[in-house]
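K.L.:
Take 19 as the starting number for the sequence shown in the working numbering and just add one per residue.
Bear in mind the hints are in silico, worked out from the structure with no lab data behind them.
These numbers were taken from a predicted model, which means no experiment stands behind them.
Among the clues, some could well be false.
What the hints assert, rightly or not - The calculated PhoX-like cross-link candidates involving lysine-lysine, where the alpha carbons are at most 20 Å apart (straight line), are:
hint, residue 1, residue 2
1, 203, 246
2, 73, 206
3, 188, 211
4, 155, 203
5, 206, 246
Claimed, not checked - Quick list of simulated restraints, FRET-style, between CB atoms:
hint, residue 1, residue 2, range
6, 85, 198, 12 to 20 Å
7, 173, 240, 50 to 58 Å
8, 159, 240, 23 to 31 Å
9, 223, 192, 28 to 36 Å
10, 57, 200, 41 to 49 Å
11, 51, 177, 34 to 42 Å
12, 85, 229, 15 to 23 Å
13, 90, 229, 41 to 49 Å
14, 51, 85, 15 to 23 Å
15, 130, 223, 40 to 48 Å
16, 132, 227, 42 to 50 Å
17, 170, 227, 19 to 27 Å
18, 173, 135, 34 to 42 Å
All C-beta atoms, glycine included, are put in the ideal place defined by N, C-alpha and C.
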Amino acid sequence: MQIKNFKIDQNLKEMTEHRTVVLPLACYQTTINQNIHGYIPLHWHDEIQFVLVVKGEAIFQINEERVVVQEGDGLFINSGCLHMAEELNHSGCVYICLNVSPHFVLSQELYATYVLPYVQATNLSYRCIYANEPWGKNILDALVNIHQWIQQESPYFEIDISAQLALMWKNLIMNGFQLEYDQTKIVKSHRMKQMLAWIHLHYAEKITLDDIARAGQLSRSECCRYFKRILHTVFGK
Numbered sequence: 019m020q021i022k023n024f025k026i027d028q029n030l031k032e033m034t035e036h037r038t039v040v041l042p043l044a045c046y047q048t049t050i051n052q053n054i055h056g057y058i059p060l061h062w063h064d065e066i067q068f069v070l071v072v073k074g075e076a077i078f079q080i081n082e083e084r085v086v087v088q089e090g091d092g093l094f095i096n097s098g099c100l101h102m103a104e105e106l107n108h109s110g111c112v113y114i115c116l117n118v119s120p121h122f123v124l125s126q127e128l129y130a131t132y133v134l135p136y137v138q139a140t141n142l143s144y145r146c147i148y149a150n151e152p153w154g155k156n157i158l159d160a161l162v163n164i165h166q167w168i169q170q171e172s173p174y175f176e177i178d179i180s181a182q183l184a185l186m187w188k189n190l191i192m193n194g195f196q197l198e199y200d201q202t203k204i205v206k207s208h209r210m211k212q213m214l215a216w217i218h219l220h221y222a223e224k225i226t227l228d229d230i231a232r233a234g235q236l237s238r239s240e241c242c243r244y245f246k247r248i249l250h251t252v253f254g255k
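Start from the sequences and build out the full structure, keeping to the hints where you can.
P.N.:
Structure below.
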């Protein structure tokens, strides 16, 4: 099932409840141009996200970065990261999306060691997943399995899903990269969310640059730089 017009709150946090009856996750197929906006608008959520493009190609923006994902490849988007998606070249892009609570990826005994450091890292807002790399293929195959099992609801499918999630996470983190924790990036993300939340609340009113800058505790020039860098637009355009 596709969510064609998911709701976001005043902080641009997606309000969709990402869970099956039992599990704290959701997995669905999305056709980008069938969204009410014609694209997937900027939003964020606490869940981590795995994506597999099954048709066409798309450009995803995660925080300040933009990345093209081709058919057959995928993407990991970390918890709390602002992101949006548009199809490329009128390709009719379709992707499978898995949103899952970071607390459900591994057991609580392993969470502090193998999940939390990666969720909190500021240099892991996303990671491209390529089907031609063994670790990437393992993740994408597991994502397809989870999508099928949720639809079929065969006996013990919840146990099968939990096992596949552990496999996906292990393959994501096992390649060895140095985690970073940059307080500047954390503050930047928080300020951008504050400004976007203010716009969301006051969109029907006359909005000035001074108002938005004040919401993000920034100067007018810093506010403009934020919008240009993250939204690729100039205030007022």
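K.L.:
Compare the structure with each hint and give your call.
P.N.:
Against the structure, the hints:
Of the pairs offered as hints, the one joining residue 203 and residue 246 holds, with about 16 Å between alpha carbons and a cut-off of 20 Å not exceeded. Restraint check for residue 73 and residue 206: not satisfied, since their Cα atoms lie roughly 34 Å apart, outside the 20 Å limit. For the hint linking residue 188 to residue 211, the alpha-carbon distance of about 30 Å lies beyond 20 Å, and the restraint is violated. For a cut-off of 20 Å, the pair hint linking residue 155 to residue 203 is broken: about 31 Å separates their Cα positions.
Restraint check for residue 206 and residue 246: satisfied, since their Cα atoms lie roughly 13 Å apart, inside the 20 Å limit. For residue 85 paired with residue 198, a C-beta distance near 19 Å keeps the hint of 12 to 20 Å intact. Taking the beta carbon of each, residue 173 and residue 240 are about 56 Å apart, inside 50 to 58 Å as hinted. Evaluation of the 23 to 31 Å hint for residue 159 and residue 240 yields a failure: the beta carbon distance comes to about 45 Å.
Between residue 223 and residue 192 the beta carbons are some 50 Å apart, a value that contradicts the proposed interval 28 to 36 Å. Between residue 57 and residue 200 the C-beta distance comes to about 29 Å, which lies outside the given range of 41 to 49 Å. The hint said 34 to 42 Å for the Cβ distance between residue 51 and residue 177, and at roughly 36 Å that hint holds. Remark: the range hint 15 to 23 Å for residue 85 to residue 229 is contradicted by a beta-carbon distance near 32 Å.
At about 45 Å, the CB distance of residue 90 to residue 229 agrees with the hint of 41 to 49 Å. The hinted window of 15 to 23 Å between residue 51 and residue 85 holds, with their beta carbons roughly 19 Å apart. The given range of 40 to 48 Å is respected by residue 130 and residue 223, whose C-beta atoms sit roughly 44 Å from each other. One distance hint, 42 to 50 Å for the beta-carbon pair residue 132 and residue 227, holds here, with the actual separation near 44 Å.
For the pair residue 170 and residue 227, the beta carbons lie near 52 Å from each other, so the given range of 19 to 27 Å is not met. Evaluation of the 34 to 42 Å hint for residue 173 and residue 135 yields a pass: the beta carbon distance comes to about 35 Å.
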